[in-house]
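S.K.: First residue of the sequence shown: 1, per my numbering; consecutive thereafter.
Take the hints with a grain of salt, since some may be wrong.
[As the list claims (entries may be wrong)] Here are the computed lysine-lysine pairs in the PhoX-like style, where the Cα-Cα straight-line distance is at most 25 Å:
1. 82 x 67
2. 112 x 24
3. 24 x 132
4. 112 x 67
5. 112 x 66
6. 36 x 82
7. 112 x 82
8. 24 x 82
9. 8 x 44
10. 36 x 132
11. 44 x 66
12. 132 x 66
13. 24 x 44
14. 112 x 36
15. 44 x 82
16. 82 x 66
17. 67 x 24
18. 132 x 8
19. 44 x 67
20. 132 x 112
21. 8 x 24
22. 66 x 36
23. 82 x 132
24. 66 x 24
25. 36 x 67
26. 67 x 132
Calculated directly from the structure, the hints in this document are not laboratory data.
Keep in mind the model is a prediction, meaning the values are calculated, not measured.
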Amino acid sequence: MTNCLFCKIARNEIPSTRVYEDDKLFVMMDIFPESKGHLLIIPKAHADNLLTLDDATLAYVNTIAKKIAAAAQQALRADGIKIVQFNGEAAGQTVFHYHMHVVPAYTGVAFKRHAGEPADVQVLEQLAEQIKAAL
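Work out the full structure: start from the sequences and follow the hints.
M.R.: Right, here's the structure in full:
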């Protein structure tokens, strides 16, 4: 899709801090993180949401989510991992390209409001390197 934000990022028209990439999807740091290490798993092929995503891609996203969650938890010493996925505006979806959030959780630390203040890119790059090293 021409005007889709995540399609543009997939085509490298917009920069991102990537942790993992292959021919089917990429994993990047969320620029508006709810917590330290908030990641997005994004298929390269456009699908508006879960309901339009093909089953093979859905299964693959979940396989990668497990690996990314384990790496993030280990690298960042998170106490847990929140996995979130929104479908439709009423459910909170703001970018209409299927994606999954992998959000590290830390005991005693509240999640920030998503889409609040943008993160420092240098901090995101440091976190990405830590997570990559744990993959």
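S.K.: Does each hint hold? Answer for all of them.
M.R.: Now for the hints, and whether the structure bears them out:
no. : hint      : in the structure
1   : 82 x 67   : holds, 14 Å
2   : 112 x 24  : violated, 30 Å
3   : 24 x 132  : holds, 18 Å
4   : 112 x 67  : holds, 24 Å
5   : 112 x 66  : holds, 23 Å
6   : 36 x 82   : holds, 12 Å
7   : 112 x 82  : holds, 13 Å
8   : 24 x 82   : holds, 23 Å
9   : 8 x 44    : holds, 10 Å
10  : 36 x 132  : holds, 15 Å
11  : 44 x 66   : holds, 19 Å
12  : 132 x 66  : holds, 14 Å
13  : 24 x 44   : holds, 6 Å
14  : 112 x 36  : holds, 10 Å
15  : 44 x 82   : holds, 23 Å
16  : 82 x 66   : holds, 11 Å
17  : 67 x 24   : holds, 15 Å
18  : 132 x 8   : holds, 23 Å
19  : 44 x 67   : holds, 18 Å
20  : 132 x 112 : holds, 24 Å
21  : 8 x 24    : holds, 15 Å
22  : 66 x 36   : holds, 18 Å
23  : 82 x 132  : holds, 19 Å
24  : 66 x 24   : holds, 16 Å
25  : 36 x 67   : holds, 18 Å
26  : 67 x 132  : holds, 11 Å
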